[in-house]
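A.B. asks: This is what each chain is made of:
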Amino acid sequence: MNSREIAKTISKIENNELKVNSTRNYNAHVIGITGPLGVGKSTLVFQIAKHYADAGIKLGIILNDPSSENGGSFLGDRIRMQKLCEYDNVFIRSLSAKDSGGVAKISGEIINLLEEKGFEKIIIESVGAGQSEIEIANIVDTCIVVLMPGLGDEIQALKSGINEIADIFVVNKADINQAERTLRELEMLVNMRGKTSWKIPIVKTIAIKHKGINELIEKIELHNDYFKKNLTQIKKSKLRNELNYLIKYEINKKIDKKLNKLIETSVQDIINNNSDVNNAINKVVDKIKFES
Amino acid sequence: MSKKIRILIAKPGLDGHDRGAKVMANAFRDSGVEVIYTGLRQTPLQIVNAAIQEDVLVIGLSVLSGAHMHLCKEVLKLLKEKKAFDINVVVGGIIPEKDIKELKRIGIKSVFGPGTFMKDAVEFVKKLVK
Chain U
24 MNSREIAKTI SKIENNELKV NSTRNYNAHV IGITGPLGVG KSTLVFQIAK HYADAGIKLG
84 IILNDPSSEN GGSFLGDRIR MQKLCEYDNV FIRSLSAKDS GGVAKISGEI INLLEEKGFE
144 KIIIESVGAG QSEIEIANIV DTCIVVLMPG LGDEIQALKS GINEIADIFV VNKADINQAE
204 RTLRELEMLV NMRGKTSWKI PIVKTIAIKH KGINELIEKI ELHNDYFKKN LTQIKKSKLR
264 NELNYLIKYE INKKIDKKLN KLIETSVQDI INNNSDVNNA INKVVDKIKF ES
Chain H
132 MSKKIRILIA KPGLDGHDRG AKVMANAFRD SGVEVIYTGL RQTPLQIVNA AIQEDVLVIG
192 LSVLSGAHMH LCKEVLKLLK EKKAFDINVV VGGIIPEKDI KELKRIGIKS VFGPGTFMKD
252 AVEFVKKLVK
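Protein sequences, first through last, are from chains U and H.
Its first residue numbered 24, the first sequence is counted upward by one per residue in my numbering.
Its first residue numbered 132, the second sequence is counted upward by one per residue in my numbering.
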């Protein structure tokens, strides 16, 4: 494996100089890790990754961190991965995610690239996610949602969003107060979904002490088996969601400039009492023509 | 859109004073650069592998331990071995005057000591990769 070549190719994709084959061949197993800020996603990624790396598996890791308004960014997820930097079978890349959705828009393309280059497992970590960063679920095979005790009461757990995309739930930092309560709330949530062919497991971990990692790996592999068995079916729905996201992204990009101008005019109109919010919205929507 | 500038900031060796490295990382971020910050106590091999995988144009090493000669030589040697000597290396920290000349001779692009204006360091790096 030539790391340099792969790294340079990724940069070209990032700079819009290159498009790679954008359909998966599903030879690799892609694992996604998402969850709120500070629950221990990076530490968990490290533990899972180390397990596979030690087993000699060719492993790709994609780490997403947010970027600032000015295009700059401070990508610090790698701090947790230091020990993996000396492995020959591990390739790690940090991405700045300026797009909504919790992962950089090009993440999907990079997964395809790594899969094509023969990586067997690919782990992708999202930015600290709230309740709407669900794009990661469309591009991974096994989606792990990481939570920790004390994040909020049961109502919080019932809210739609990232909780609905989990193939596996992890309650990390399980040695702090109220871990049992969080666990039970999640159990309730999972049971309320009714019978599905995949029962979402809930795994307790203390990632920093390597507790619960073996059980988590076991569940990840079980889900991989399930995924591969039901590939035709799942593939379709993932593809549908992915296209929905990417097409809307391109449309947004196209109308953004036009929109800014129209919004400025509307603001002036409203301030001068020539219009109100609802009127302005209707006017703008009418004005945008969706020619390509 | 102009091409992204990506740099890596790391602290090699046994030296826990990372304030300087973090302050510089923030200064670069604020100037629109993508900074990969890899943290404390790293081996030169970890740093060079990370720089290659992240495809950065510049490695910024922060050394306050006095081991700069040894660590810089090792990083440069590994870059050469891995055919990535086109990645620029700059150093910040407490470096005695007499060592600066030698560091530049072996291939370090610049040395930033105490009292450096952050703006100057950022401008230097940006010019370096133009």
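Don't take each hint at face value.
[What the hints assert, rightly or not] DSS-like cross-link-like pairs, simulated, lysine-lysine; straight-line CA separation at most 25 angstroms: (1) Lys-229(H) / Lys-284(U); (2) Lys-42(U) / Lys-250(H); (3) Lys-211(H) / Lys-35(U); (4) Lys-42(U) / Lys-135(H); (5) Lys-31(U) / Lys-250(H); (6) Lys-153(H) / Lys-250(H); (7) Lys-208(H) / Lys-106(U); (8) Lys-261(H) / Lys-121(U); (9) Lys-208(H) / Lys-128(U); (10) Lys-257(H) / Lys-106(U); (11) Lys-35(U) / Lys-250(H); (12) Lys-106(U) / Lys-134(H); (13) Lys-211(H) / Lys-280(U); (14) Lys-280(U) / Lys-306(U); (15) Lys-121(U) / Lys-208(H); (16) Lys-222(U) / Lys-280(U); (17) Lys-134(H) / Lys-250(H); (18) Lys-257(H) / Lys-214(H).
If you are wondering where the hints come from, they were derived from the structure by calculation, not from laboratory data.
A.B. asks: Against each hint, give a clear statement of whether it holds in the structure.
C.D. replies: Hints, verified against the model:
{"no.": "1", "hint": "Lys-229(H) / Lys-284(U)", "in the structure": "violated (59 angstroms)"}
{"no.": "2", "hint": "Lys-42(U) / Lys-250(H)", "in the structure": "violated (36 angstroms)"}
{"no.": "3", "hint": "Lys-211(H) / Lys-35(U)", "in the structure": "holds (23 angstroms)"}
{"no.": "4", "hint": "Lys-42(U) / Lys-135(H)", "in the structure": "holds (17 angstroms)"}
{"no.": "5", "hint": "Lys-31(U) / Lys-250(H)", "in the structure": "violated (29 angstroms)"}
{"no.": "6", "hint": "Lys-153(H) / Lys-250(H)", "in the structure": "holds (15 angstroms)"}
{"no.": "7", "hint": "Lys-208(H) / Lys-106(U)", "in the structure": "holds (21 angstroms)"}
{"no.": "8", "hint": "Lys-261(H) / Lys-121(U)", "in the structure": "holds (24 angstroms)"}
{"no.": "9", "hint": "Lys-208(H) / Lys-128(U)", "in the structure": "violated (36 angstroms)"}
{"no.": "10", "hint": "Lys-257(H) / Lys-106(U)", "in the structure": "violated (30 angstroms)"}
{"no.": "11", "hint": "Lys-35(U) / Lys-250(H)", "in the structure": "violated (29 angstroms)"}
{"no.": "12", "hint": "Lys-106(U) / Lys-134(H)", "in the structure": "violated (30 angstroms)"}
{"no.": "13", "hint": "Lys-211(H) / Lys-280(U)", "in the structure": "violated (46 angstroms)"}
{"no.": "14", "hint": "Lys-280(U) / Lys-306(U)", "in the structure": "holds (17 angstroms)"}
{"no.": "15", "hint": "Lys-121(U) / Lys-208(H)", "in the structure": "violated (36 angstroms)"}
{"no.": "16", "hint": "Lys-222(U) / Lys-280(U)", "in the structure": "violated (45 angstroms)"}
{"no.": "17", "hint": "Lys-134(H) / Lys-250(H)", "in the structure": "holds (21 angstroms)"}
{"no.": "18", "hint": "Lys-257(H) / Lys-214(H)", "in the structure": "holds (23 angstroms)"}
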